[in-house]
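S.K.: Read off the chains here:
Protein chains: 2
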Amino acid sequence: MAIKFILHKICAQSGARLGTLETAHGSFETPIFMPVGTQATVKTLTPAQVEAIGAKIILSNTYHLYLRPGHRLVEKSGGLHKFMQWPGSILTDSGGYQVFSLNDLRKISEEGVSFRSHIDGSKHFISPEKAIEIQQALGADIIMCFDECAPYPADRSYVLPSLERTLRWAKRCQDAHSNVERQALFGIIQGGMYHDLRARSAEKMIELDFPGYSVGGLSVGEPKPLMYEILESTVPLMPAYKPRYLMGVGSPDALVEGVLRGIDMFDCVLPTRVARNGLALTSFGKVVVRNNPYAEDFAPLEEGCDCYTCQKFSRAYLRHLIKAEEVLGLVLISIHNLRFLMRLMEKMRQAIREDRSLSFAKEVLAKLL
Amino acid sequence: MAIKFILHKICAQSGARLGTLETAHGSFETPIFMPVGTQATVKTLTPAQVEAIGAKIILSNTYHLYLRPGHRLVEKSGGLHKFMQWPGSILTDSGGYQVFSLNDLRKISEEGVSFRSHIDGSKHFISPEKAIEIQQALGADIIMCFDECAPYPADRSYVLPSLERTLRWAKRCQDAHSNVERQALFGIIQGGMYHDLRARSAEKMIELDFPGYSVGGLSVGEPKPLMYEILESTVPLMPAYKPRYLMGVGSPDALVEGVLRGIDMFDCVLPTRVARNGLALTSFGKVVVRNNPYAEDFAPLEEGCDCYTCQKFSRAYLRHLIKAEEVLGLVLISIHNLRFLMRLMEKMRQAIREDRSLSFAKEVLAKLL
Numbered sequence: 001m002a003i004k005f006i007l008h009k010i011c012a013q014s015g016a017r018l019g020t021l022e023t024a025h026g027s028f029e030t031p032i033f034m035p036v037g038t039q040a041t042v043k044t045l046t047p048a049q050v051e052a053i054g055a056k057i058i059l060s061n062t063y064h065l066y067l068r069p070g071h072r073l074v075e076k077s078g079g080l081h082k083f084m085q086w087p088g089s090i091l092t093d094s095g096g097y098q099v100f101s102l103n104d105l106r107k108i109s110e111e112g113v114s115f116r117s118h119i120d121g122s123k124h125f126i127s128p129e130k131a132i133e134i135q136q137a138l139g140a141d142i143i144m145c146f147d148e149c150a151p152y153p154a155d156r157s158y159v160l161p162s163l164e165r166t167l168r169w170a171k172r173c174q175d176a177h178s179n180v181e182r183q184a185l186f187g188i189i190q191g192g193m194y195h196d197l198r199a200r201s202a203e204k205m206i207e208l209d210f211p212g213y214s215v216g217g218l219s220v221g222e223p224k225p226l227m228y229e230i231l232e233s234t235v236p237l238m239p240a241y242k243p244r245y246l247m248g249v250g251s252p253d254a255l256v257e258g259v260l261r262g263i264d265m266f267d268c269v270l271p272t273r274v275a276r277n278g279l280a281l282t283s284f285g286k287v288v289v290r291n292n293p294y295a296e297d298f299a300p301l302e303e304g305c306d307c308y309t310c311q312k313f314s315r316a317y318l319r320h321l322i323k324a325e326e327v328l329g330l331v332l333i334s335i336h337n338l339r340f341l342m343r344l345m346e347k348m349r350q351a352i353r354e355d356r357s358l359s360f361a362k363e364v365l366a367k368l369l
Numbered sequence: 001m002a003i004k005f006i007l008h009k010i011c012a013q014s015g016a017r018l019g020t021l022e023t024a025h026g027s028f029e030t031p032i033f034m035p036v037g038t039q040a041t042v043k044t045l046t047p048a049q050v051e052a053i054g055a056k057i058i059l060s061n062t063y064h065l066y067l068r069p070g071h072r073l074v075e076k077s078g079g080l081h082k083f084m085q086w087p088g089s090i091l092t093d094s095g096g097y098q099v100f101s102l103n104d105l106r107k108i109s110e111e112g113v114s115f116r117s118h119i120d121g122s123k124h125f126i127s128p129e130k131a132i133e134i135q136q137a138l139g140a141d142i143i144m145c146f147d148e149c150a151p152y153p154a155d156r157s158y159v160l161p162s163l164e165r166t167l168r169w170a171k172r173c174q175d176a177h178s179n180v181e182r183q184a185l186f187g188i189i190q191g192g193m194y195h196d197l198r199a200r201s202a203e204k205m206i207e208l209d210f211p212g213y214s215v216g217g218l219s220v221g222e223p224k225p226l227m228y229e230i231l232e233s234t235v236p237l238m239p240a241y242k243p244r245y246l247m248g249v250g251s252p253d254a255l256v257e258g259v260l261r262g263i264d265m266f267d268c269v270l271p272t273r274v275a276r277n278g279l280a281l282t283s284f285g286k287v288v289v290r291n292n293p294y295a296e297d298f299a300p301l302e303e304g305c306d307c308y309t310c311q312k313f314s315r316a317y318l319r320h321l322i323k324a325e326e327v328l329g330l331v332l333i334s335i336h337n338l339r340f341l342m343r344l345m346e347k348m349r350q351a352i353r354e355d356r357s358l359s360f361a362k363e364v365l366a367k368l369l
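Chains as they are written, first to last, in our numbering: chain W, 1 to 369; chain U, 1 to 369.
Note that these hints are calculated values from the structure, not bench results.
This one's a predicted model, so the numbers in the text were calculated from it and none came from an experiment.
If chains are identical, the list can't say which one is meant, so a pair holds when it fits in one copy or spans any two.
Below, computed lysine to any residue pairings styled on SDA-like, alpha-carbon distance capped at 20 Å:
(1) K312 / A52
(2) K323 / N292
(3) K4 / A240
(4) K312 / A48
With the rest of the complex left out, here is chain W (with noise of 0.2 Å):
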């Protein structure tokens, strides 16, 4: 088997789960957030940089990494890992979020999806086949079913049918993946916002048998508490066993929800998107770096925090290099975005350890709002 789970134990105050994930390159603790590498690098960041915050395993694309620099150099090159010298575990995603985002470039068939490349125009087609064909060049610890992403709103009428069609997409992957001992092939649970979908999706899903499963289609612009409903009466259905993955969520907020209710694996850009606009997250909040009371203020962006940046740098010095438009302002604050989801999962499973991630979680909750 490519990957082993071990579910250590289940909190007494919530669903949150504490376990061990095994990968060829490394083993790591659960619940775990996971840095977004899209185009092979972490953005702004060396692997030495991304190594040093804590990640044990970072996300990379599918969909980017076929059209630039092509999965077939990169394989060459000795695959992903070597390629971009990132020494954990990888996940890539399918390519199914990407291509179904193109709206008007793409076409969907029963076969697959016609698209156009949004860097230059030229067209491409992707079928479950030729998703697991990518990635198995690519060459991650982890890969993802071809899928679709139903957006938000959409209508039962729309929901249904593609769920289904993105269950025969998985068996279709699963019949393709010849490469199980190295590469563990997860399959996505669909069904929208609609509770009975999700159901549906998650118990044909299941019999497929996956060694693990994510929840795709949330946080595509529902409100929160729908998509916490969801991950209620969803996760419940999902296999004990397995690692549970909660695609595209990593708001710390949503972190801590979403431990709750019993996940164990996240990605999300948005730590290192919002550093890129000059935003660092905190335990107490954002903090907008470009902002005047910053100016002459000569503390660390959080204190405590054990970061390169914070142990180094103080905010007047990280509003200097943003109002300055220089690129280590994004460097610095991407570090700790990063750093300070890491440190956050890191309490989170002591908290699960200890018996009181409830408790926890309300009090980072709290400092948050």
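Put chain U on the given structure of chain W with help from the hints.
M.R.: Same frame as chain W, now just chain U:
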């Protein structure tokens, strides 16, 4: 004294000198190259990365820091070293070069230069006294006299009164400089491309007895052979037992030629600026990283280079980053380019030690072309 310079030897093959320069922030061998951190950051790099490159002293720009974030803010934060968390030595220029480069935006008088900010058009005035006040607030280990760097080409009738004013300004800088125990003030020799005017400037500047001298007004558009001619006539006039600094020069060939002619210190934005255009410096010339031949080139930028970039990443990966407009591409090429110049200077110092600077220089220059 703020600095201590020890001249160890002059090469038997050329005018190249081996020395040690000591400041309150460390001691290092000369000749040395100083990376430029214009806005209190060596562009795209953390101080830790700049240290890892082997840099011992960096240059920062008075004009830029005066305008943003302001020298008083930097002073309040504990000075420039603390503000930017650079543990090594710092040299600040005087702002003269930048102010004079503003052309239509500035007006010169005997008193100083009034100008408009390139950022917001606000009105400012920098006199020699003000330039020293700013540099004292910033707190660099070595500071520079406020001077005019004459353009190229420039008539004798322009250069002569300009250098005379620069001499009067140097005296005023010296009189205004109160922090002599912590900051060494260097004089700047001007005189355009006129040997006799250079000699006049050198003679008068030396009478003022500064702890170090720079050659300014070169690498301003003149052909390189002309720059070398000026160095050949000017450098021998400079005190042997004081450091000699050639301002704004940093192309690999000009560094080698400058060292042969007795220069101890250099600075230039070139290695980081060309990196941001995807251009790598190597001992066999420039590498345009985005070029097609590197698409599937899995070798490092330069075989045998000990920098983080060359130890870890392939040309194919760097090309991918540059084509995908990823910041990490600029970071990694900046690291390589700076390390390349650091190693070039290390090798030059070793060659001087072994009395083979000229033979070594010939080898280097032959490979560069």
